[in-house]
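Turn these sequences into a full structure, and let the hints guide you.
Protein chains: 2
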Amino acid sequence: MATVEGCACTHAGGGGSSLPAAATSVTSDLREKALASRGAAELVRSLTDEVGPRLAGSTGSKAAVEWAMRAFAERGFANVHTEPVTVPRWERGEENGAVVAPVQQLLHVTALGGSNGTASGGVEAEVIEVDSLEALGRLPPGAAAGKIVFYNIPMDRSRDGSGYGRAVPARGVGAARAAALGAVAAVIRSIGTDHNRLPHTGAMRRDEKGQSVPAAALSVPDADLLHRLIERHKSVRLRLTLGCRWLPDAQSANVVAEIPGAIRPEEIVLLGAHLDSWDLGTGAIDDGAGVGIVVSAAQLVGSLPRRPQRTIRVVLFANEENGLSGAQAYAKSHQADADKHVAALEADSGTGRAYGLRYLGEPQARERLAAIALALQPLGIEPLPADAHGGADLGPLRALGVPMIDVAQDVSTYFDYHHTANDTFDKIDPESLAQVSAAFALLAQGIADLDGDFGRVPEPKRQPERRGPQPMSF
Amino acid sequence: MATVEGCACTHAGGGGSSLPAAATSVTSDLREKALASRGAAELVRSLTDEVGPRLAGSTGSKAAVEWAMRAFAERGFANVHTEPVTVPRWERGEENGAVVAPVQQLLHVTALGGSNGTASGGVEAEVIEVDSLEALGRLPPGAAAGKIVFYNIPMDRSRDGSGYGRAVPARGVGAARAAALGAVAAVIRSIGTDHNRLPHTGAMRRDEKGQSVPAAALSVPDADLLHRLIERHKSVRLRLTLGCRWLPDAQSANVVAEIPGAIRPEEIVLLGAHLDSWDLGTGAIDDGAGVGIVVSAAQLVGSLPRRPQRTIRVVLFANEENGLSGAQAYAKSHQADADKHVAALEADSGTGRAYGLRYLGEPQARERLAAIALALQPLGIEPLPADAHGGADLGPLRALGVPMIDVAQDVSTYFDYHHTANDTFDKIDPESLAQVSAAFALLAQGIADLDGDFGRVPEPKRQPERRGPQPMSF
Chain A
30 MATVEGCACT
40 HAGGGGSSLP
50 AAATSVTSDL
60 REKALASRGA
70 AELVRSLTDE
80 VGPRLAGSTG
90 SKAAVEWAMR
100 AFAERGFANV
110 HTEPVTVPRW
120 ERGEENGAVV
130 APVQQLLHVT
140 ALGGSNGTAS
150 GGVEAEVIEV
160 DSLEALGRLP
170 PGAAAGKIVF
180 YNIPMDRSRD
190 GSGYGRAVPA
200 RGVGAARAAA
210 LGAVAAVIRS
220 IGTDHNRLPH
230 TGAMRRDEKG
240 QSVPAAALSV
250 PDADLLHRLI
260 ERHKSVRLRL
270 TLGCRWLPDA
280 QSANVVAEIP
290 GAIRPEEIVL
300 LGAHLDSWDL
310 GTGAIDDGAG
320 VGIVVSAAQL
330 VGSLPRRPQR
340 TIRVVLFANE
350 ENGLSGAQAY
360 AKSHQADADK
370 HVAALEADSG
380 TGRAYGLRYL
390 GEPQARERLA
400 AIALALQPLG
410 IEPLPADAHG
420 GADLGPLRAL
430 GVPMIDVAQD
440 VSTYFDYHHT
450 ANDTFDKIDP
460 ESLAQVSAAF
470 ALLAQGIADL
480 DGDFGRVPEP
490 KRQPERRGPQ
500 PMSF
Chain B
30 MATVEGCACT
40 HAGGGGSSLP
50 AAATSVTSDL
60 REKALASRGA
70 AELVRSLTDE
80 VGPRLAGSTG
90 SKAAVEWAMR
100 AFAERGFANV
110 HTEPVTVPRW
120 ERGEENGAVV
130 APVQQLLHVT
140 ALGGSNGTAS
150 GGVEAEVIEV
160 DSLEALGRLP
170 PGAAAGKIVF
180 YNIPMDRSRD
190 GSGYGRAVPA
200 RGVGAARAAA
210 LGAVAAVIRS
220 IGTDHNRLPH
230 TGAMRRDEKG
240 QSVPAAALSV
250 PDADLLHRLI
260 ERHKSVRLRL
270 TLGCRWLPDA
280 QSANVVAEIP
290 GAIRPEEIVL
300 LGAHLDSWDL
310 GTGAIDDGAG
320 VGIVVSAAQL
330 VGSLPRRPQR
340 TIRVVLFANE
350 ENGLSGAQAY
360 AKSHQADADK
370 HVAALEADSG
380 TGRAYGLRYL
390 GEPQARERLA
400 AIALALQPLG
410 IEPLPADAHG
420 GADLGPLRAL
430 GVPMIDVAQD
440 VSTYFDYHHT
450 ANDTFDKIDP
460 ESLAQVSAAF
470 ALLAQGIADL
480 DGDFGRVPEP
490 KRQPERRGPQ
500 PMSF
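In the order they appear, the protein sequences are chains A and B. Numbering follows the numbering used here, in which position 458 of the first sequence is assigned residue number 487; successive positions increment by one, without gaps. Numbering follows the numbering used here, in which position 467 of the second sequence is assigned residue number 496; successive positions increment by one, without gaps.
In case anyone wonders, no lab produced these hints; they're calculated from the structure. Some clues are possibly wrong.
Copies of one chain are not kept apart here, so a pair can be met inside one copy or by any two copies together.
Below, simulated SDA-like cross-link-like pairs (lysine to any residue); rule was C-alpha separation at most 20 Å, straight line [unchecked claim]:
#, residue 1, residue 2
1, Lys238, Gly201
2, Lys91, Gln133
3, Lys91, Pro131
4, Lys91, Gly352
5, Lys91, Ala130
6, Lys91, Arg118
7, Lys361, Ala279
8, Lys263, Glu79
9, Lys91, Val132
If you're wondering where the values come from, they're calculated on a predicted model, not measured in any experiment.
What follows is the structure in structure tokens.
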């Protein structure tokens, strides 16, 4: 890309709450160019069609790293390199579920990520249904022993994805809680807003003692069916067969590339997304979209006539989905220069239009973002009062005090497809993806050229509340 | 049901183009009662939850016949009985598809009903894409030899389902045409309007020589993926493994029940739906909905204070989906009294609201239906100028001259789910199902009490055009 090599003239822009005319013209050109670009969608097409599913440790994961190196190089990025990450490796295998009594019905199930498999013949037991983790805790002693616990917790549709935060805890800890009560397996109603017979996977975890039981998600229609059968029959029995298993850890990598800063190259504006995906779909909305957004946004800034003052670093993280190993590796190896990270932004919310901006940094520096945010107003994006979260991959950097900026996207339909076989390229809206990419480009350029910075995240806000109402860890 | 045994007083209503006050009050009561009823939806729930999939010759098919006998008996129908039907038996088995070169991608595929299986290791070959049957015919000699033919024909969404008629022929004859050109298999883009990774099955047939090749449907997103790969790569290779197979014919049955006529019991108003379903879903919209509509409609007429003059006969046909054996058996065994069938109506269009009525009978008698149709106006249902089709199960009766009346339903979303695993009870809208059931009840009552009849279908119209623009064979 010629521009990365191009002119490095001194930036004349000022700080404060309004932008000078020259900057306004730059941002206006950048905005129009970004909106007209289909570069983000083309990146998603290429990644999903030519690589496809890319769960940590899989063949697809390796191919994705090679794809990313090539994509950066072809687009003229500088300092294109990988940074090693050790990732867990988990494989799905056969999966079958069925109601076996009092009627017979096949169920569409999928193992939760990280679940152990069942014994080879599967596990068969009576089902006990609960509508929350708390309800499980209130069961009489012994009520879940020997049974399959069914968490039937519907997820509400909303623009900000708040329904996910309310529904998802049972996916994470439900199987471990069931194990502690002597259950033999756990199934959850898929954490999703659709009514398709495509179950939603997602990570689960063991408890402190390492306890769990095999765990799977039922598609929403199958959860509804099971609920109706339980309502009408004294005893409903399920059979669940899961062939999933853990394999030895594998070597993977974060893929990193830069638009080098012309004036303060050691200062970093980090744009992140995750390169891995679940194995069921081709990872278009999660997180091909984010990859497309941040790579195309940085490329657009790199193609401006004037190189940005600070470095824009794109990080495509390994293994967000099954344990955040890429995020942890990055924070660990960059701990010493964490204070050189002026701000970090992550794109991991799919293809919906951006509508808001959230900020988390030194409170007095909030006005600096407000000034940059003026350039995003024509996109329909306004500052929001809530603190930024930062996204799952940025959590370890937030803990180190790196300021976070969220581009809030409309996720109303995101959870129709999230973590399912339905997460495919046809779900991508190239136009809205370009709008989000425009927002990232304007923010990256604005922050790279900003006089002053956002300070550090105050100590008490470095650890996000666990499962707040607006999680950005999708 | 007490009313079937109840009063048989002489009907006082007149013919002509308006309804007398007594009849108006009866129809108004019936309409309100039908709209308030959730009987149709409850029938669908019971059939889909307690029986589930019921492809001809399967265990579910047997259970469905028992379910229907019980459902009629519990609702007080008279003359509840089965009529024997010999049905073909076809089983699905394993099914897998994948792009194997130049990239690797799993494809969501399902065998077309009636396809032969592949050899056990599957078939692997280069793909050749065409966008119509005609395009296959225009290929240069030898172009399809040794290849897998991919019919990529999108289906348009419409209220009247006309897109289905345009897209579906390749499903029926595509594999046979491909076989004739030396292809080794055929895949089609699912005939559906959704973007879910749930392929749509449906019947295919051999040519006159008995030729065909293994045939499967790709889900719409998988067809899009394959199309994009073919656009960008010189050669794309597929592997397809289908374990489907034919078994010896099985014995099944049409299930028949009546609301006996008080005055002219030998004259029949036939309400039909099909009891079988494809194996992938639980057959809620196709055709649990139709079963719910016609059984609840007849039950509602049976529960009126005054018994209808003519007999209302409900026929739940065996095996509509894989060869129409139930329809043929009924027409054959009732050929002698075909002229006693005053009219026949089929419900096989899912859960969408009814908006129109079509007629096919003696042209001069059309006004008689118009008079009855007045009672349907408050439901938003108006007579349409096009001839009635009759539905797939009524084809053999139409050929015998039995007048047909179509209740045209809105099928805008029907083909999102049709013939897929997604055809489940959650797709049923109890309110619109009640509206359709109200239409069937009003028509059944009105025709049963009609002075005069609809004559016979004129000879030239007894054979429906093959694949007209508004097929009623869903």
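Results of checking the hints against the structure:
| no. | hint | verdict |
| --- | --- | --- |
| 1 | Lys238 x Gly201 | within (15 Å within a copy, 58 Å between copies) |
| 2 | Lys91 x Gln133 | between (41 Å within a copy, 13 Å between copies) |
| 3 | Lys91 x Pro131 | between (46 Å within a copy, 16 Å between copies) |
| 4 | Lys91 x Gly352 | within (17 Å within a copy, 48 Å between copies) |
| 5 | Lys91 x Ala130 | between (44 Å within a copy, 17 Å between copies) |
| 6 | Lys91 x Arg118 | within (12 Å within a copy, 45 Å between copies) |
| 7 | Lys361 x Ala279 | within (18 Å within a copy, 67 Å between copies) |
| 8 | Lys263 x Glu79 | between (50 Å within a copy, 14 Å between copies) |
| 9 | Lys91 x Val132 | between (44 Å within a copy, 14 Å between copies) |
Comparing the model with each numbered hint stated earlier shows that all of them hold.
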